[in-house]
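Residue numbers (this note's numbering): 38 to 110.
Hints listed in this document are in silico derivations from the structure and should not be mistaken for laboratory results. Hints may contain errors.
As the list claims (entries may be wrong) - Estimated spans, in silico, between C-beta atoms of each pair:
id, residue 1, residue 2, range
1, Ala97, Ala53, 14 to 20 angstroms
2, Phe63, Arg103, 19 to 25 angstroms
3, Ile82, Val108, 28 to 34 angstroms
Note that CB positions come from ideal geometry on N, CA and C, so glycine has one too.
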Amino acid sequence: MKNNQQAQRILAKFDALPTDHKQFVFNVMVAIVERDSSTLEALRIQNAENADFCAAIDDAAAYIGRKLSEVKS
38 MKNNQQAQRI LAKFDALPTD HKQFVFNVMV AIVERDSSTL EALRIQNAEN ADFCAAIDDA
98 AAYIGRKLSE VKS
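Please model the entire structure based on the sequences and the hints provided.
The following block contains the structure:
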């Protein structure tokens, strides 16, 4: 139940984003899930002045990687 509520909150926040931001967030998520390190590195370079953003990408990539590993097990 808790995961469902958390997913609903995340989707609500995503839906509230402007369209161009949705596309950007989607691209980041796809790169993380596909483990596309070149795209993630390009995002880090483009946003190098925003250390919090870069850290969030790294944290999200690590979290999703762990969850994908759990599903595959």
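The hints, checked one at a time:
1. Ala97 / Ala53: 14 to 20 angstroms: For Ala97 and Ala53 the Cβ distance comes to about 19 angstroms; the hint holds.
2. Phe63 / Arg103: 19 to 25 angstroms: With a Cβ separation near 21 angstroms, Phe63 and Arg103 satisfy 19 to 25 angstroms, so the hint holds.
3. Ile82 / Val108: 28 to 34 angstroms: 30 angstroms, holds
When held up to the earlier numbered hints, the structure conflicts with none and fits them all.
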